[in-house]
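S.K.: With our numbering, the residue at position 451 of the sequence shown is 985, and numbering never jumps.
To be clear, the hints were calculated from the coordinates, so they are not data collected in a lab. The structure presented is a predicted model; accordingly, all values stated were derived computationally and were not measured. Where is the CB? At the ideal position from N, CA and C, for every residue including glycine. Check before you lean on any hint, since a few could be wrong.
Each computed DMTMM-like pair below joins lysine to aspartate or glutamate, with the alpha-carbon atoms no more than 20 Å apart [to be verified]:
1) 1187 to 1075
2) 1105 to 1184
3) 1198 to 1145
4) 1105 to 1127
5) 1198 to 1054
6) 1070 to 1016
7) 1198 to 1120
8) 859 to 635
9) 1198 to 1090
10) 1187 to 1090
11) 599 to 826
12) 859 to 632
13) 859 to 1075
14) 859 to 602
15) 1070 to 1120
16) 859 to 607
17) 1070 to 1013
18) 1198 to 1071
19) 1111 to 1184
20) 1111 to 1054
With beta-carbon atoms standing in for the labels, derived distance ranges [unchecked claim]:
21) 677 to 802: 51 to 59 Å
22) 615 to 821: 18 to 26 Å
23) 606 to 731: 21 to 29 Å
24) 833 to 668: 47 to 55 Å
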Amino acid sequence: MRPFRNRSARYGNELWPVLLLFFAAVLVPTVCVLWFMVKTVANERFAVRQKLAEAWTPTLVDASKRLDAHWQDVRAALGRETPGETPAQRFARLVRADVCDGPVVFSLGGTRLGYPEQAAIKGAHEPEGDAWDEAERREFIANDPPRAAGLYAAIAGQSNDPRVKAFAWLAQARCLARGAQTEAAIALLTGPLASDELAGVEDGDGNLLALNAQLRALELMRAPSYNGFNDTVDLLARRLSQYDAPTPTARQRVYLMQRLLQLRPGPNVFDTLDAELLAAEYLARSFTLSADVSFSPTSVSGIWQLTSPERDAVGLFRQSNIFAKSMEVAGPPRLADEVAVRLSAVPVHYWPDRPIPGPAEQDGAETWPEDLVLARAHAGNVLSGWNWVVVSTGDDPFATAAHRQVLAYLWAAGLTVAALAILLLLASHFVMRQLRLAHLKNDLIATVSHELKTPLASMRVLVDTLIDGHSVTQEQVRDYLELIAAENTRLSRLIDNFLAFSRMERNKQAFQFDPVRVDDVIRAAVEAAGERFRAKECQLDVEVAPDLPVIIGDRDGLITVVLNLLDNAYKYSNHDKRIRLQAYADEDNVCIEVADNGIGLSRRAAKKVFDRFYQVDQSLSRRTGGCGLGLSIAKFIVTAHRGSIAAQSESGKGSAFTVRLPAKTASSATSREGAPNVP
535 MRPFRNRSAR YGNELWPVLL LFFAAVLVPT VCVLWFMVKT VANERFAVRQ KLAEAWTPTL
595 VDASKRLDAH WQDVRAALGR ETPGETPAQR FARLVRADVC DGPVVFSLGG TRLGYPEQAA
655 IKGAHEPEGD AWDEAERREF IANDPPRAAG LYAAIAGQSN DPRVKAFAWL AQARCLARGA
715 QTEAAIALLT GPLASDELAG VEDGDGNLLA LNAQLRALEL MRAPSYNGFN DTVDLLARRL
775 SQYDAPTPTA RQRVYLMQRL LQLRPGPNVF DTLDAELLAA EYLARSFTLS ADVSFSPTSV
835 SGIWQLTSPE RDAVGLFRQS NIFAKSMEVA GPPRLADEVA VRLSAVPVHY WPDRPIPGPA
895 EQDGAETWPE DLVLARAHAG NVLSGWNWVV VSTGDDPFAT AAHRQVLAYL WAAGLTVAAL
955 AILLLLASHF VMRQLRLAHL KNDLIATVSH ELKTPLASMR VLVDTLIDGH SVTQEQVRDY
1015 LELIAAENTR LSRLIDNFLA FSRMERNKQA FQFDPVRVDD VIRAAVEAAG ERFRAKECQL
1075 DVEVAPDLPV IIGDRDGLIT VVLNLLDNAY KYSNHDKRIR LQAYADEDNV CIEVADNGIG
1135 LSRRAAKKVF DRFYQVDQSL SRRTGGCGLG LSIAKFIVTA HRGSIAAQSE SGKGSAFTVR
1195 LPAKTASSAT SREGAPNVP
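With the hints as extra help, turn the sequences into a complete structure.
M.R.: Encoded structure:
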């Protein structure tokens, strides 16, 4: 496939054992020196850590005592109960006293959940009776809201039971709203249903009907511009912020708070809403009432729990708030300008506004690089499993002293290794370059000799036959002379390719850039291609678009490009050759395309076809001549003209080579004409 390069690669492979031995002779002592240096640095750093731990541990212990006393007070505050206080009132008091982020209150000695309660959804228990059934039939079956509203009003007027009145008026308001009597519905919802008499009426799920009625009134008002909208919002907000009896369920309270914030967007006016949501999320997951005196993680990410001494309340704390409060209470202690004291939790570390690099994730937990951690100490009984961590933020005096002892050795070892590596690279590069040059010369001589021998031998046989003169007619003489001329042309092309390759390798190729007409280049290339393209087995179609732009280039070089493409198409086409040569304009470029119906190229071969000495089919190349330089020379010339060449092919279906050259413009003409001999 690629004999020239394969031979070079083989010779290079033969040199690798010597180079590996060279590398080993240099690297083995280098690795040993570096290993000793690493051990020395590790021992010095260990000694520094020990000194730091001994110096800073007493200060960290004092900080832990202050921290433990604070969280013991918080734990006691969780269990402190006011006489006659309901679980809901205790919940609100703990939140507003900033004892925790979200308490959960138990009753009956911690055996029953007090607030937020987890009431089961049972469904509304509405009044029963013939009158109620008739009203529902009018509303839902007969679809007669006005008549149903009258029936519900009659039920409310005839009953002395507040619960029946509340359900009847709520149903009446619903029918009025459906009957487009919005004003009457709102008046009913904000009037009788908002009275103190009905304030404690609940549905089957424990929800207060009066609060739901006020929300329904707001939904009917729709906008703050409605008269009475803001007053109703303020009234409902005050009722929701009060945790005195009658108390709505936690589910109803949270829903109404969130709904009010949607109806009147603005800042959160409910100081307990976040605590309600946190407690609800905690209860929605699996939870246990821990008997530990310390913080323990919950199933909610980033939330820790602390149980009161009486086990009748659980305080929920956000991890960020635990750290912020702990750092505020304990100091943190200031040890030196070069270090920072932080608090670390298990399994996560939280560092507010840290001036040090962030943690790295390892086995699902975040850990700080060991080189940064200088000392550790327990953070107390309540924060069990948490630690004070002393982290380096700069050059501390102990580390600096330790570094000075090994810095000289490290620099010496580093410079030595660098010098050896540079010398090794230079030596290996020089040896490989000389070897490649030697192989290149040998292979080039062999390739040239082989390729020149064939046409010379053919011409010699023909000349000897003519000189001998036996049985040679005038027609045969003419045929022999034409064969000699063809072989001479082939020999000339080979020599031209070798000379071009030689100039390419020495970077001595020069081009004379002048305005060139593409049709002139095409015509000259076709004429130089010879009679073989006009034979019966070959059909050459030339299509040149009219009025093609002028390009700036070297005429002979461009003719060489087209000739090499035509020659390549001829050699690698089948017996019935169909070759198409086109020239057309594409935007600001002039394109020259040579397509054939030959053997085609695989995807891998299409990427290598422009490499020097690359031949797709060696057996075909030996029959037709050539050494794999034509396309590489064409690419070199096109690149020198600031153009591009590409191959599109499919194995067994022919190939198409397209050359794109920039058309002549004012800027291109100036740049080309200013440097006519630059490749």
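S.K.: Could you run down the list of hints and mark each one as holding or not?
M.R.: Comparing the hints with the structure gives:
Only pairs whose Cα atoms come within 20 Å are accepted, and residue 1187 paired with residue 1075 is accepted, the gap being roughly 18 Å. Using a Cα cut-off of 20 Å, the hinted pair residue 1105 and residue 1184 holds, with the two alpha carbons roughly 17 Å apart. The straight-line distance between the Cα atoms of residue 1198 and residue 1145 is roughly 29 Å, outside the 20 Å bound, and the hint therefore fails. At most 20 Å may separate the alpha-carbon atoms for a hinted pair to count; residue 1105 and residue 1127 meet this at roughly 17 Å.
Simply put, residue 1198 and residue 1054 have alpha-carbon atoms about 16 Å apart, close enough for the 20 Å limit, and the pair holds. Note on residue 1070 and residue 1016: the hinted pairing holds, with a Cα-Cα distance of about 17 Å set against a maximum of 20 Å. Distance hint between residue 1198 and residue 1120 is fulfilled; the C-alpha atoms sit about 13 Å from each other, no more than 20 Å. About 12 Å separates the Cα atoms of residue 859 and residue 635, which keeps this hinted pair within 20 Å; it holds.
Distance restraint check for residue 1198 and residue 1090: the Cα-Cα separation of roughly 18 Å lies within the 20 Å cut-off, and the hinted pair is therefore satisfied. Under the criterion of a C-alpha separation no larger than 20 Å, the hint pairing residue 1187 with residue 1090 is inconsistent with the structure, at around 31 Å. Only pairs whose Cα atoms come within 20 Å are accepted, and residue 599 paired with residue 826 is accepted, the gap being roughly 19 Å. At roughly 11 Å between alpha-carbon atoms, residue 859 and residue 632 fall within 20 Å of each other, so this suggested pair holds.
Between residue 859 and residue 1075 the CA atoms are separated by roughly 87 Å; this puts the pair beyond 20 Å, and the hint is violated. For the hint pairing residue 859 with residue 602, the CA-to-CA distance comes to about 12 Å; that is within 20 Å, so the pair holds. Pair hint residue 1070 plus residue 1120 does not hold up; C-alpha atoms about 33 Å apart against a cutoff of 20 Å. Straight-line distance between C-alpha atoms of residue 859 and residue 607 comes to about 13 Å, which keeps the hinted pair within the 20 Å bound.
The hinted pair formed by residue 1070 and residue 1013 meets the criterion: a straight-line CA distance of about 17 Å does not exceed 20 Å. For the hint pairing residue 1198 with residue 1071, the CA-to-CA distance comes to about 38 Å; that exceeds 20 Å, so the pair is violated. Restraint check: the Cα-Cα separation between residue 1111 and residue 1184 comes to about 17 Å, which is no more than 20 Å; the hinted pair holds. Only pairs whose Cα atoms come within 20 Å are accepted, and residue 1111 paired with residue 1054 is rejected, the gap being roughly 24 Å.
Taking the beta carbon of each, residue 677 and residue 802 are about 41 Å apart, not inside 51 to 59 Å as hinted. Between residue 615 and residue 821, the C-beta spacing of about 21 Å keeps the proposed range 18 to 26 Å intact. At about 48 Å, the beta-carbon gap between residue 606 and residue 731 misses the expected band of 21 to 29 Å. Hint check: residue 833 to residue 668, Cβ distance near 51 Å, so the stated range 47 to 55 Å holds.
In summary, the structure is inconsistent with hints 3, 10, 13, 15, 18, 20, 21, 23 from the numbered list given earlier, while agreeing with the others.
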